[in-house]
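In order, the protein sequences belong to chains A and B. Heads up, the first sequence is in this note's numbering, so the first residue is 1 and it goes up one at a time. Heads up, the second sequence is in this note's numbering, so the first residue is 1001 and it goes up one at a time.
Don't read these hints as lab results, they were simulated from the structure. Don't take each hint at face value.
[As the list claims (entries may be wrong)] Per label pair, the in silico range of CB-to-CB distance:
| id | chain 1 | residue 1 | chain 2 | residue 2 | range |
| --- | --- | --- | --- | --- | --- |
| 1 | B | G1132 | A | Q101 | 48 to 58 Å |
| 2 | A | K95 | B | E1240 | 35 to 45 Å |
| 3 | A | M134 | B | R1114 | 45 to 55 Å |
[Stated by the list, open to error] Derived EDC-like pairs (lysine to aspartate or glutamate); straight-line CA-CA distance at most 16 Å:
| id | chain 1 | residue 1 | chain 2 | residue 2 |
| --- | --- | --- | --- | --- |
| 4 | B | K1238 | A | E224 |
| 5 | A | K235 | A | E41 |
| 6 | A | K103 | B | D1256 |
| 7 | B | K1103 | A | D256 |
[To be verified] Only some residues are given here: those of chain A computed to face chain B with a beta carbon under 8 Å:
| id | residue |
| --- | --- |
| 8 | R6 |
| 9 | I28 |
| 10 | V66 |
| 11 | I118 |
| 12 | M209 |
| 13 | D213 |
| 14 | S217 |
| 15 | L221 |
| 16 | Y237 |
| 17 | S241 |
Beta carbons are placed, not taken as given, at the ideal position from N, Cα and C, and that holds for glycine.
Number of protein chains: 2
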Amino acid sequence: MPKSRRSISIIPVTNIPEIKPDDDLVKIVLEAASDSGLSIEGGDVLVFAQKIISKAENRIVDLNNVSPSPYAHTLSKEVSKDPRLIEVILSETTKIIKMDQRKPEKGRLIVETRGGVISANAGVDASNVSGGNMVTLLPLDSDKSANKLADGFKDKLRVDVAIIIIDTVGRPWRDGLVDIAIGCSGIKALKDYRGETDSKGFELNATVMAVADEIASAAGLLMEKADSVPVVVVKGYKYESGGRGAKELIRNPEDDLFR
Amino acid sequence: MPKSRRSISIIPVTNIPEIKPDDDLVKIVLEAASDSGLSIEGGDVLVFAQKIISKAENRIVDLNNVSPSPYAHTLSKEVSKDPRLIEVILSETTKIIKMDQRKPEKGRLIVETRGGVISANAGVDASNVSGGNMVTLLPLDSDKSANKLADGFKDKLRVDVAIIIIDTVGRPWRDGLVDIAIGCSGIKALKDYRGETDSKGFELNATVMAVADEIASAAGLLMEKADSVPVVVVKGYKYESGGRGAKELIRNPEDDLFR
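So here's chain A without its partners, still in its complex pose (with noise of 0.2 Å):
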């Protein structure tokens, strides 16, 4: 297949064991590709699955050990949920963004979390991970995990890899769940085109493009739920190097006309 310079890959990396907390997922990644003949070079994107980050940054929570408050089992009525999972979902929880009490079955309990996502469960979770009470927590800081991590493999590479830790989310209006990148390391999570002009000459307006967002849904399309691949590579996307993390992405809420 003749390829346009200009093609992108995404390559999931396979074999990638169970993470355990304090696991070197710097080490483990390059093992993993290693093994597949994977080479990881300067420029890719390392896409990783926040389970993964959240597992090594030990951010579990076995739900045995959590003592639900007054509010939480107040709450957990109104969503159907357990007290002790509502319980660690407002520990994440910077602000109730919103709940369905019209239909507390559904269980939708919207908020904000301490980064600033806005997402289901403040992104709480209790698939891939082992023992039925156990849930994942987002990672305490995703830019900084990114940060980490992209020192690790500038480390052992010798060479700037950019890398996006992604999550699945809801939306508005829209059915069915995409990947969203919650911390970004190496990478502009946003393109600016303003100024430029388009192909007629004319200036282009309001196009700001979320790179590192379709960066995260490309990815997703490799990590399917029921796989366990949950690292990514995307090669050939020439990006801008830099940025200030996936807090980019954030609109700042005076600014957005949906909070």
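Given the coordinates of chain A, assemble chain B onto it according to the supplied hints.
Same frame as chain A, now just chain B:
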């Protein structure tokens, strides 16, 4: 570069000429692909920017021929836009979702379009159209447009390809635009993992992925606004065929916490 069997390639179709009303997009894309040595095969996903579909379907309006209604004049002051543009936007709108009267200078007007997609300005857009007063409208029925393209490729190639028509939209809570699917053919827009088990044997919950939107975002990475790459081919993604088009991505308003 060795690659796993499950890798995905995103390949731009370059050298597509300026599209005019009634142009045969199937013929034009096949010629452009062939010129650059790119073969389109069964199972590929062909992603089209809305703009060239709109041009081929003559969904173009010259603002010089538009007489704004009194309401368009009122609204034009509230969001600081040309009243003729407002008139065109209203002609594509079924419901105004939100506008920004506190900051009219930002010109934000979020509406539900006839196809059900919620977007700024009903997808009416001035960039990349010849002539300073010309704007494009979204296709009348993007799923139908996608079906027509899929049939056209089937006719010429004797294989099934999937078609996704995409548009660039803003989102609540997050800065930067992303691409979403507004029309689909031959691919299920949603992939339902419910009932499947995760790698620990636990049943996955609430995991219906909007794969058509994820493909739209992946393709969007190559459709740089100032370039002329209105078509992208995605190879290697194992999609489920069938489905009911991109309308499956529109959340039922009664089930939407944000309408």
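Hint check:
| no. | hint | verdict |
| --- | --- | --- |
| 1 | G1132(B) with Q101(A): 48 to 58 Å | holds, 50 Å |
| 2 | K95(A) with E1240(B): 35 to 45 Å | holds, 37 Å |
| 3 | M134(A) with R1114(B): 45 to 55 Å | holds, 47 Å |
| 4 | K1238(B) with E224(A) | holds, 11 Å |
| 5 | K235(A) with E41(A) | holds, 9 Å |
| 6 | K103(A) with D1256(B) | holds, 11 Å |
| 7 | K1103(B) with D256(A) | holds, 11 Å |
| 8 | R6 | holds, 6 Å |
| 9 | I28 | violated, 16 Å |
| 10 | V66 | violated, 19 Å |
| 11 | I118 | holds, 5 Å |
| 12 | M209 | holds, 5 Å |
| 13 | D213 | holds, 5 Å |
| 14 | S217 | holds, 4 Å |
| 15 | L221 | holds, 5 Å |
| 16 | Y237 | holds, 6 Å |
| 17 | S241 | violated, 16 Å |
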